[in-house]
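Enquirer: Listed here are the chains, written in short residue letters.
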Amino acid sequence: MKYIAEVDGLDFPVEILDEHHVRFGEEILEFDLAAVSGQPLYSLIVNNESFEGYVYPDEGSWQVLLLGRSYSVNIEDEREKRLRRSENGNILPDHEFTLRAPMPGLAVVVMVHEGQLVEKGQILAILESMKMQNELRSPFSGTVVRVRIKAGESVEQKQVLLSIVPDVSSPSKH
Amino acid sequence: MFKKILIANRGEIAVRVLRACRELGIKTIAVYSEADRQALHVRFADEAYLLGSSPAGESYLRGDRMIDIARKAGADAIHPGYGFLAERADFAADCADAGLVFIGPKASSIAAMGDKAVARTTVARAGVTIVPGTEGEGPLRDEELLALAPKIGFPLLIKATSGGGGKGMRDVFSIEDMPGLLQSARREAKSSFGDGNVYLEKLVEGAHHIEFQIMADQFGNVIHLGERECSIQRRHQKLIEESPSPYLADDESLRQRMGAVAIQAARAVDYANAGTIEFLVDKDRNFFFLEMNTRLQVEHPVTESVTGMDIVAEQIRVAFGLPLSRVQDNIRCRGAAIECRINAEDPYNNFMPSTGRITLIQPPTGPGVRIDTGIYAGFEVSPYYDPLITKMIVWGETRPQAIVRMRRALEEYRIVGIRTNIPFHQTMMDTYPFISGKYDTRFVEEQFSMIDAAENRELYLDIAALMATLVAHGQMEHRSQVYRRNDSSSIWKWFPRLGRQNR
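Line by line, the protein sequences give chains A and B. Residue numbering for the first sequence follows the numbering used here, starting at 1 and increasing by one per position. Residue numbering for the second sequence follows the numbering used here, starting at 1001 and increasing by one per position.
Just chain A, same shape as in the assembly (with noise of 0.2 Å):
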């Protein structure tokens, strides 16, 4: 199987060879990885180099804890990269914009309601987790289509919040 990893703006073509061999650009290397203690942290042999690292999979990238740095890496196998070249890469940004909670907490307050119009980094609401009141701004301006919660509510992780449609005014759209 082939792949192709970007990491850093970087492309680095990877072809599986076998259960421990791997095409890696040029050479093919003999890699052993295991996961410790059936968790998400791998070890890692390459050619005798060895290596820790966390590796998660984090909205459509992979992230790689390695070293005390974050690796962002994209993967894909050939026939998307394809694909996906041949869209030629254009996402409108006209789609609504959904606020969710970026962690678990309790709702303290909502400064908008449905219809509003907002302001890019006007505050939205204010979400109290571990003692720690957190301003969520909305990230452009537009128009507040759906609110979901109140205040006094708690809310678990990545829970829609509300909506936001962008401006149509709005420079960011073309």
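Honestly, the hints are just simulated from the structure, not real lab data. Model, not experiment: these values are computed from the prediction. Be aware that a few hints might be false.
Stated by the list, open to error - The list that follows gives simulated cross-link-like pairs (lysine to aspartate or glutamate, DMTMM-like), each with its CA atoms no further than 20 Å apart:
(1) K2(A) x D1462(B)
(2) K131(A) x E1058(B)
(3) K1190(B) x E135(A)
(4) K1190(B) x E153(A)
Given the structure of chain A, go ahead and fit chain B onto it with the hints provided.
Expert: Frame of chain A; chain B shown alone:
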């Protein structure tokens, strides 16, 4: 000595106090909320009592229940740890009324230092310099504060009158920003402390936050155990502490003067037991009294490491009525100690709190490393309590050795299942201002960035790419195998064997 002590706290500090009790041969009573049934402090204790449901207001803040349990269980003393009831004068007084020894200062000392206005007036009267502010005016309305602000001068700080831990605190750089910041500070103060009153204080620029550990017995003996540098802070929350302070360095005369003032401030409120005097030291080495914490501090282990004194054991002895085990001349600080507070926060995502189940912990061990913790594999980090989950303290013969050791230990520490700020600490240990000891309280927020600081480090883009690809490939392979077998429920059992399975 006491026979039995109730520990009115949770997490790493409850475990810390428990350890001191065990070493002194004292029986321990743990209390816990529903969320903490399986917590380490509950499992390590001789007895354990349920307090109530998970929110602190229904459990760890219920002084009345603590006292009921202590009496029922036959405890002779209560150790409050830090946070929760530790600085509540009414709780200390209630303990005394119930015939229980509160392991801490007298209620009157807590009250005197807890009200910032009284504290500052008291120490100012004793001849200690304080940072200019409005706390002496009593509770003020927004209009009054806005009128006073230009007289103090910008930048300034809005602080909660009953505050602590950076909550209800805002930096103000101009009068225009002030109304909004006042509003948010009051709101946070109200929800954290039940009191929305705030005051203004001059923001000392280029300041170092340096504090002195005090120990006092009931015979009027007061000593200090040297200083701790606590200037690595974010949103006024300390992240790294060390002793000795690289800013004071070998300025022994300044250290002696500050230590003497700290003792003087403690005497001014007739202090007994462990306490901390916090100072701000400006760029010209002038120092100002900030406040006194009338309790054990989170960062007490750095002082323990350099002085060799078990501060918690000493607290217990002193509370029992024994004299201090050492005199000032016998306090010698040796080597250098650094503490990193490991929080359940994601440094790559604006330090957002992270909750969930910890699935694996691999703690560092080896020379000079100490871990104070309340977590274990399987522990659920809940949103109910503080994000501090564990503290790592290292000691070295010199500060450079301590830094190298901290780097080594941070790299060994694996906490899987939640995000932690370990990468923040790793980055900090590689940052020039930290290594050279040239940092002040604004450093983290104004000059430090995870991305810029990481630029000097060796990159492993290729290894990261390879590792992620192998993991992703393994998961896709297993998924397709499982689908072929038409048994999607067994998908999870394939994960542990990732990468080693025959095709």
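Enquirer: Against this structure, judge whether each hint is valid.
Expert: Outcome of the hint check:
| no. | hint | in the structure |
| --- | --- | --- |
| 1 | K2(A) x D1462(B) | 16 Å, holds |
| 2 | K131(A) x E1058(B) | 15 Å, holds |
| 3 | K1190(B) x E135(A) | 16 Å, holds |
| 4 | K1190(B) x E153(A) | 18 Å, holds |
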